[in-house]
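Trainee: Protein sequences appear in the order of chains P and X.
No gaps in the numbering here: position 92 of the first sequence is 92 in the numbering used here, and each next residue is one more.
No gaps in the numbering here: position 208 of the second sequence is 208 in the numbering used here, and each next residue is one more.
Keep in mind that the hints were calculated from the coordinates and are not lab data.
Misleading hints may appear alongside valid ones.
Stated by the list, open to error - Within a straight-line C-alpha distance of at most 35 Å, the following computed DSBU-like cross-link-like pairs (lysine-lysine) qualify:
| hint | chain 1 | residue 1 | chain 2 | residue 2 |
| --- | --- | --- | --- | --- |
| 1 | X | 226 | X | 210 |
| 2 | P | 104 | X | 89 |
| 3 | P | 39 | X | 226 |
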Amino acid sequence: MKVAVSSSGESLDSEIDLRFGRASYFLIVETDTLDFEVKPNEQNMDLPQGAGIQAGKTVVNCGVEAIITGNCGPKAYNVLESAGVKVVTGVNGTVKEVLEKFKKGELQYSVSANVEGHWV
Amino acid sequence: MIITVASGKGGTGKTTVAVNLATIAAEKGSVELFDCDVEEPNAHLFVKPQNITKKEVSTMIPSVDIALCNLCQECEKICRFSAINIVAKKIMVFADMCHSCKGCLMVCPTGAISEGARQLGSVLTGYSKQGFKLTWGELRVGEAMSPPLIKKVKDEINNLYNLISIVDAPPGTSCPAITTLRDSDFALLVAEETPFGLNDLTLTVEGLKKLGVPMAIVINRAEESKGIIDDYAEHENIEILGKIPFSKEAAKICSKGLFLVEEMAEIRAIFQKIYQKIYCKIVKTENKGEIK
Numbered sequence: 001m002k003v004a005v006s007s008s009g010e011s012l013d014s015e016i017d018l019r020f021g022r023a024s025y026f027l028i029v030e031t032d033t034l035d036f037e038v039k040p041n042e043q044n045m046d047l048p049q050g051a052g053i054q055a056g057k058t059v060v061n062c063g064v065e066a067i068i069t070g071n072c073g074p075k076a077y078n079v080l081e082s083a084g085v086k087v088v089t090g091v092n093g094t095v096k097e098v099l100e101k102f103k104k105g106e107l108q109y110s111v112s113a114n115v116e117g118h119w120v
Numbered sequence: 001m002i003i004t005v006a007s008g009k010g011g012t013g014k015t016t017v018a019v020n021l022a023t024i025a026a027e028k029g030s031v032e033l034f035d036c037d038v039e040e041p042n043a044h045l046f047v048k049p050q051n052i053t054k055k056e057v058s059t060m061i062p063s064v065d066i067a068l069c070n071l072c073q074e075c076e077k078i079c080r081f082s083a084i085n086i087v088a089k090k091i092m093v094f095a096d097m098c099h100s101c102k103g104c105l106m107v108c109p110t111g112a113i114s115e116g117a118r119q120l121g122s123v124l125t126g127y128s129k130q131g132f133k134l135t136w137g138e139l140r141v142g143e144a145m146s147p148p149l150i151k152k153v154k155d156e157i158n159n160l161y162n163l164i165s166i167v168d169a170p171p172g173t174s175c176p177a178i179t180t181l182r183d184s185d186f187a188l189l190v191a192e193e194t195p196f197g198l199n200d201l202t203l204t205v206e207g208l209k210k211l212g213v214p215m216a217i218v219i220n221r222a223e224e225s226k227g228i229i230d231d232y233a234e235h236e237n238i239e240i241l242g243k244i245p246f247s248k249e250a251a252k253i254c255s256k257g258l259f260l261v262e263e264m265a266e267i268r269a270i271f272q273k274i275y276q277k278i279y280c281k282i283v284k285t286e287n288k289g290e291i292k
């Protein structure tokens, strides 16, 4: 299964980036093999607003089935949901640790955004 | 003639200065007061306006006819605010991100996009007991952007030579304050002698220089000795038009929603001087403009 994980670095040992819209990177991982591709998200770091929407589109366009992240706001959730991408929030640790939990079925999908959107 | 009362830092006394200045100005000629702090308007608490009228105002957002949309993404490409998006072969509009530029309407090749509306809030007017008109905005709860409503309040300004419009600006130096200050003939900056006050005053002065708006300072809750605002004003060559003394009596009067110029002779004299100086400055600037 192909999933996206918001990550603070470019390897599986990197810590999860708790932010979705302004995550440093997305790692697009094949959960069976742990093969992955790095998607930088720096174009979103300086956006005054709409980072969640843009990040949502990035992830949707990668063709993943799920996104694993720390926090996901209402607009990003809306984009992901309308594209049928499942969302896991509230995780922390390294990307590898989180993926192991995910594979064991220890993580639950969210049914809504877990944080408010915010405006600069 | 538009005189905008601004500060940078919040709570320095913009509204106190605006309503008292309007009261003095109303004794000399025609004046109208505008409260552009649409997120937290408060001039009406002093003015206690009568004969209030209220109109709801909205801003344009795209309304999409899905049957006509061919998912070409032209609207998405032109939108700088992610307000209109194609996600998984569906078009999504985020109304609260839209800045009403109408770019999407213009580029849509199939005519799928028409003008919809997002409620901004209300524009209200009423009259003070002194007879001047107050116009203010009340932002809809949940609306994230105040500049569109501020523009609607400013649309009510009649910029005539013999009519003084006094505008109470929102705090800060971001879009709401800049939207309010733009097109002003003069900015009166209410400063406070604290490090925060000076920092935010400096930001506002930098902004006004870019906007090309002439300015002067009034110090509120001023200490008797010279302070950090005096030093800054001297360094920047900005005139200090008056100092409102730090006074418990003044604070009490304001807390009751009364006008300082009607309750304290000392402060009335200060405001008269401030008004006179601004009037002379504006007339001088205007004459220069005519010679050009």
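Trainee: Now look at each hint and say whether the structure bears it out.
Mentor: Verification of the supplied hints:
1. X/226 <-> X/210: holds, 28 Å
2. P/104 <-> X/89: Answer holds: residue 104 of chain P to residue 89 of chain X is near 33 Å, not above 35 Å.
3. P/39 <-> X/226: violated, 57 Å
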